[in-house]
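Our numbering applies: residue 21 is where the sequence shown begins, and numbers increase by one.
It should be emphasised that the hints constitute simulated quantities derived from the structure, not laboratory data.
Any given hint could be a false lead.
Unchecked claim - Heads up, simulated DSBU-like pairs for lysine-lysine below, C-alpha to C-alpha not over 30 Å straight-line:
no., residue 1, residue 2
1, Lys183, Lys399
2, Lys183, Lys149
3, Lys25, Lys320
4, Lys210, Lys407
5, Lys25, Lys67
6, Lys210, Lys328
7, Lys98, Lys210
8, Lys103, Lys67
Predicted model only: the values in this text are computed from it and were never measured.
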Amino acid sequence: MNLFKSSVGQSPWIHEILPDVLTLRREPYFRIYETGYGVDPRQRHCKTMFREIDMMPPEATWGEEMEALAADPPDRKKIGRGKFLDLLYDAFVGVVEGAWTPGRFHVVLHSGGYDSRLISHTIRKLFEKNGPEWLGEILFVEVEGEHRHSRMALEAEGWERSKFAVYGGGVKPLFENHHARSCRFEDAWKRQNGGLWARCFNYWYDPVDYLQEEGLIPEDDGELQCFSGYLANDVTHALVNGPGLDWVFRVLPYHPYFFAPVKGEWVFPYLVPDMIRVLHEYGLGQQESQVGSYRHQILKRVAPEVAKVRNPQFGEHGWRLRTLSSQLQAQMQRDYSSSWYGQEIAPNAALQDTVCFGTWWGHFGLASLCEKLLREGYKVDGRCLVKDAD
């Protein structure tokens, strides 16, 4: 997550640094998903909804390794395809093993695709190397209708079915109300970080919250370490054939995914300095069409039985899961329209019927936060919310 600052302090969570006076901007800079290297998201994504709270520069979240890599990147080298894949795999294994914290309960966000399979395969090999005490408790969770492919891949790797869960419960996702918890108004302020996460479903919050409520994982976020393969394509294409290292360091952090609040400690292997270094140093001359599926190519070399499990196509689950039911839409509209923000600040915000990025979700999360503040004693003064001195 990115860091934000106010007169109260610094935090990735907006609600932790709220000053006594909050002024709503007239044009809130909600996180709207934009893609393509020709778009500089810094032009739109560098402000919060309140004038008193600012986003800190990306460097504020860097560790020593990232700072060293940014200051002195290695020269680029051109090598063969096979050697490139070997170096990537070795770096990936090292990243997962280096980040792994034995003793914590591990949650792995696991789709049916190759990014997730490479993570679960690597964990399996490290488990065989380091033993059950190193592995501890682990649960793989699938969230977007790819449960069949995900389960087949995990079984091909040797994982027991008891280590696999589907978000929403049951063997199959509950299509009609799959995103019901993500549409709740009362706690949208937290799930959406006050509207900075302008999307319905939060991959790094909602599944963990669900698993905790079901008693499948510990309630204490501090006991959790979670893994996700998100942003693999963005980082790979940028470093191999795209705008390069500086883009990853100074532009990618403004990607909408970096504004999502999280539950537990999350590890994104493709954002770790060692992976970034290998992609930058040895990706020169690799063809983008090949590099785009390098996780698949690696799996074909190290785990052919896993690679041959068919990769799911978006159309197999598609808009059925990403379109909200009429019941959920009606409830959201009622909740929003009855709020102070929905009545006085943005009464014409257009409801969005999909879970994709859009300004509706920014308005929805911000309206939820304003209601929370009003319940806690803030008073309305024009476009300002002022904390009651009493």
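Hint check:
1. For a cut-off of 30 Å, the pair hint linking lysine 183 to lysine 399 is broken: about 48 Å separates their Cα positions.
2. Taken as a hint, the lysine 183 and lysine 149 pair is honoured in the structure, with Cα atoms around 19 Å apart against an allowance of 30 Å.
3. Proximity of lysine 25 to lysine 320 is assessed by CA-CA distance (about 46 Å); at most 30 Å being required, the pair is judged violated.
4. Restraint check for lysine 210 and lysine 407: the C-alpha separation of about 19 Å stays at or below 30 Å, so the hint holds.
5. Only pairs whose Cα atoms come within 30 Å are accepted, and lysine 25 paired with lysine 67 is accepted, the gap being roughly 11 Å.
6. Proposed proximity of lysine 210 and lysine 328 is contradicted: the alpha carbons are some 40 Å apart, above 30 Å.
7. A distance of roughly 46 Å separates the Cα atoms of lysine 98 and lysine 210; the hinted pair therefore is violated under the 30 Å criterion.
8. Between lysine 103 and lysine 67, the direct Cα distance comes to roughly 43 Å. Violation of the 30 Å bound is thereby established for this hinted pair.
When each numbered hint is compared with the structure, violations occur for hints 1, 3, 6, 7, 8.
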